[in-house]
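Residue strings, one per chain:
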Amino acid sequence: MSTLFRVVVAVWSALLPSRRRDELVGDVLEALGHRRRAGAAKAWRWLAGEIVGTPYLSLWRRASADGTGRARRTGWRGAGGRISSDLRLAARGLLRRKGYAGVAALTLTLSVGAATLIFSLFEGVLLRPLPYADEARLYRVYGTNAAWRDGDQDFLRRAWDHAGSSMAMMEAWAALPQIERVAAFQAGWAALEIDGERVQIAGSRIAGDFFSSLEVEPLLGRTPRRAELDGHDPVVLIHESLWTERYGRDPDIIGRSLLVDGRPYTIVGVMPGAFALPSVGQRWWAPFTAEWSAYDDATVLGGLVKTAPGADAEATAAAMNAAVDGLASREPTYNVMGARLVPLRDQVLGNVEEGLTLLFSAVLVVVLIACVNLANLVVARGAGRLPEIAMRKALGAGRGRLVATMLSEVVLVCLVGGGLGVALAAFALHPTVSLLAESMPDFPRTEAVALNLEVMAFALTVTMVTALAAGLLPALGASRRAPWSLLRAGARGGVSRRSRNVQRGFLAAEAGLAMLLLAGAGLLTRSLARVFTLDPGFDSRGLALVGVSLPEAEFASDEEVRAAVDGIRTRILGVPAVTGVTAAMSLPARGGTTLGPLRTATQPPEEAVLVARNHVEPSYFDRLSIPVLRGRTFDERDDATGEPVAVLSASLATRLFARGDPLGQLVYVGSGAIPVAGGTRTSTETAARVVGIVADIRQLALVSEEDPMVYRPLAQAQSRSPVFLAATEARVSDILPGLRAAASATDGVVITDVGVFRDQTLGLLAPLRVRTVLLAALAALAAALALVGVYGVVSYVVSEQTREIGIRVALGSMHRGETRRVVRQALGPSVVGAAFGMVASLFASRTLQSMMFEIGRLDPMTYASTFSALVLAAGAAAWLPARRAAGVDPVEVLKGD
Amino acid sequence: MPGQLTDLEQLLLLATLRQPAEAYGAALQEDMEQNASRHVSLGTIHLTMARLEDRGLAESRLGEPTGGRGGKAKRLYAVTEEGRRELARARQILERMWAGVPQEAR
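From first to last, the protein sequence lines are chains A and B.
Read in order, the letters of the first sequence correspond to residues 1 to 897 in our numbering.
Read in order, the letters of the second sequence correspond to residues 1 to 106 in our numbering.
Note that these hints are calculated values from the structure, not bench results.
Remember, it's a predicted structure, so these values are computed and weren't measured experimentally.
Just so it is clear, CB atoms sit at the ideal spot from N, CA and C, and this is done for glycine as well.
Be aware that one or more of the hints could be misleading.
As the list claims (entries may be wrong) - Reference excerpt, derived from the structure (chain A facing chain B, CB under 10 Å, subset only):
#1 Ser18
#2 Arg21
#3 Asp27
#4 Val28
#5 Ala31
#6 Gly33
#7 Trp46
#8 Val52
#9 Gly53
#10 Thr54
#11 Leu59
#12 Arg62
#13 Trp879
#14 Val891
#15 Glu892
When you get a sec, could you build the whole thing from the sequences and use the hints?
Okay, here's the thing in structure tokens:
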């Protein structure tokens with residue numbers, strides 16, 4: 001961070017006159033040091049204010065005066081005047097050469113636009129501090145269990161929303177000196193009744209110091225008082241989005257009553273939009289009610305701790321683990337349990353950090369290409385101005401004056417292009433952010449993304465650095481040469497060998513950088529295509545789903561739940577065009593899968609393996625086309641009164657029963673979220689007889705592995721939130737209204753979800769897709785810029801070599817041969833550059849590894865195809881202007897001499 | 001007489017006089033922000049002080065480089081005798097004007 005500040009200040013200082021520059025820069029650095037203590041965001045805002053608020057022209061005008069400081073006498077004849085006259089001259093020159101100005105400005109517009117857009121995401125989401133107090137001391141607590149084997153740990157990491165703390169653990173931790181605050185929470189859903197309508201809305205139960213450790217001021221009202229945290233006076237806080245959508249931002253909301261799962265709660269506060277814990281999308285928070293004390297020893301709670309100032313994270317985790325071991329006397333499982341601390345920042349941003357950093361690096365490559373492109377144009381343009389420069393030099397213009405004259409043109413083009421680029425970014429920002437928020441609902445902090453002063457300062461810095469980098473070298477080069485050599489070069493209408501070599505280097509660099517991005521985008525695209533076509537083990541086509549929730553308040557007994565489920569099933573079958581229906585506790589590749597322990601009769605409880613669990617109706621396997629490998633699936637025998645039965649997935653059956661036949665064996669299916677040991681909790685285990693084995697499917701996510709699974713009949717383990725799947729031959733979306741009506745016909749049923757099953761399974765791929773699309777767009781932009789570069793250089797070479805080509809044609813060379821020669825000259829460096837770029841991308845692909853599925857990072861197809869595509873396109877870009885060489889009339893050319 | 005002092009010039013001269021230790025850019029900016037509720041960029045501060053120097057109302061010298069400034073020296077400002085006189089004159093003008101305002105309008 002501090003380096004970035006220094007870089008920005010250093011670039012900015014280049015805009016200042018040398019007089020008083022040092023003391024001014026010193027003051028800025030010193031003040032920046034003070035401001036940073038109040039947070040990086042404030043410091044950036046302040047720095048942006050300084051950059052915008054500096055009176056550059058007046059400072060330069062003064063500086064141009066002599067040492068005695070009589071500034072006003074020199075007036076507009078000073079540096080300010082010189083600059084403005086240079087700019088006027090530059091503007092006139094640019095208007096005369098619209099092609100050059102247009103290409104240069106367009107290059108800048110596209111690259112600065114893309115860079116500004118991506119940086120605004122990068123800044124708003126990653127650079128800005130979280131809205132929580134002392135974020136460096138806040139940690140999410142994850143449960144560990146020494147009894148789990150490595151395979152289980154991996155499995156858990158792939159499963160979402162894993163919690164592992166109990167109330168007893170929280171209390172033990174609160175007593176530790178390393179810990180300042182402890183909070184517990186459980187994210188879930190509840191039916192909120194607003195304006196007579198019941199809606200299932202995501203929210204969290206909280207306990208302990210949840211709000212007091214985060215210290216976020218409510219927008220309205222207050223956070224729960226200590227007495228209310230016990231849950232005796234039920235209170236609820238709602239999120240700003242809920243307040244806006246459902247209450248029209250009613251300022252009198254505080255004190256109103258809200259029915260949560262049928263019980264009245266008092267609304268005491270509205271939390272601001274940026275408050276997104278435990279995860280994005282939580283829209284209400286209520287303290288655990290009295291009956292939640294049943295969770296004393298159930299390790300199903302999420303934990304949040306704030307360490308004491310100066311406490312070391314590792315030491316804290318060790319102390320927390322020791323405290324958990326101390327609880328073993330009340331519950332033996334605590335022996336194997338522990339805690340792992342994950343910094344809250346990593347927890348919040350971990351999913352997107354990698355992707356955003358990748359995009360930001362990619363956009364910097366685009367800017368680099370733009371820079372090279374521009375330098376190329378400037379070299380070409382500079383060559384055209386050689387006679388003018390020579391004349392100025394001969395007339396006694398100083399070197400600084402010459403450089404300033406040449407630079408002013410570049411700077412002007414860059415400022416125009418950069419300005420348009422920012423406008424482009426402003427235009428694209430809103431659609432991009434809503435695309436992100438829509439396709440990835442858990443994308444954090446989209447509300448913090450804006451074209452603010454920091455982003456503007458970044459755009460200005462990129463523009464100015466590009467201008468200086470592209471313009472300074474050629475300008476310095478030309479100003480160093482003696483006037484006679486400049487004049488000679490200019491008059492001959494040729495380019496020196498040196499500048500031609502420089503141009504070749506530019507072409508190679510552009511091709512290499514473009515290749516780098518193209519290869520990366522190619523890898524991600526191919527990997528995405530593979531994911532779309534891979535076989536998840538089930539068939540999701542022709543299926544619509546409707547998820548419901550049957551609250552305990554309305555459906556108290558299992559019989560009532562069963563009757564409601566039967567009623568809904570019958571009505572769904574009556575919906576026109578529906579050909580079949582099935583129900584399950586959860587559906588694959590769509591989220592919400594429950595994990596639990598499972599063991600055989602010969603395994604002690606602490607050796608249970610962690611598996612994904614689903615309760616399904618008999619027709620489930622048929623509907624989803626999951627092949628039955630051995631034995632049978634469920635039928636009418638397996639009702640509530642029948643013997644408990646289970647069906648295992650193939651990989652799980654092999655793992656559990658390496659020797660012997662699984663069919664007919666007993667398995668113990670635990671209902672807790674983690675394995676329980678020690679025999680004190682056998683009541684949560686169900687002994688079920690294995691009756692069949694089905695093929696593996698990807699249950700947790702399409703891009704994960706094939707998961708170990710146990711299926712139980714829904715009739716034997718009724719779920720209060722079943723999902724119905726309706727099959728149809730018609731268009732799936734056409735039957736959705738009918739499904740909704742069928743499900744809501746029973747009083748008290750809350751609909752949690754209605755949709756096309758296939759869309760939802762593919763929806764989980766959204767992060768992958770969005771990242772791929774954005775990277776591909778940047779790669780396309782990079783390639784386009786590189787091709788513009790090739791086109792520009794070849795056009796220039798052709799126009800400068802008209803004389804040479806004319807002479808060659810006059811001496812008997814064929815026109816077609818000339819065209820080929822020019823193309824070859826341009827293509828050589830591109831091929832060499834692309835080859836270097838390919839080697840570089842072989843190394844860089846390592847960073848993409850974790851985002852790729854089903855193909856290797858060294859996939860030869862991708863590299864071969866992007867390489868040949870780039871070279872072919874470069875050939876085409878060179879051939880277009882080179883055709884003009886064929887039109888050269890030797891007579892005209894030589895007459896001109 | 002070299003023209004009347006602007007509002008900003010008056011505030012900056014006063015801030016210079018007020019500094020208990022060294023009067024340099026960053027210190028003046030902080031004082032202006034905290035006590036005059038005015039945010040002025042450091043560039044503007046140095047420019048204005050330089051103009052006051054041109055008019056003989058302020059003077060400056062380079063101090064020693066200190067830490068936290070990237071090794072850059074401070075420019076230390078002071079108000080000249082002429083500067084103090086100008087400030088006093090500006091104050092008199094204000095007081096004269098206030099004296100004419102009827103009590104109930106104050």
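Open item on the list: To test your reading of the hints: which numbers does this structure violate?
Closed with: Violated hints: 1, 13, 14, 15; rest satisfied.
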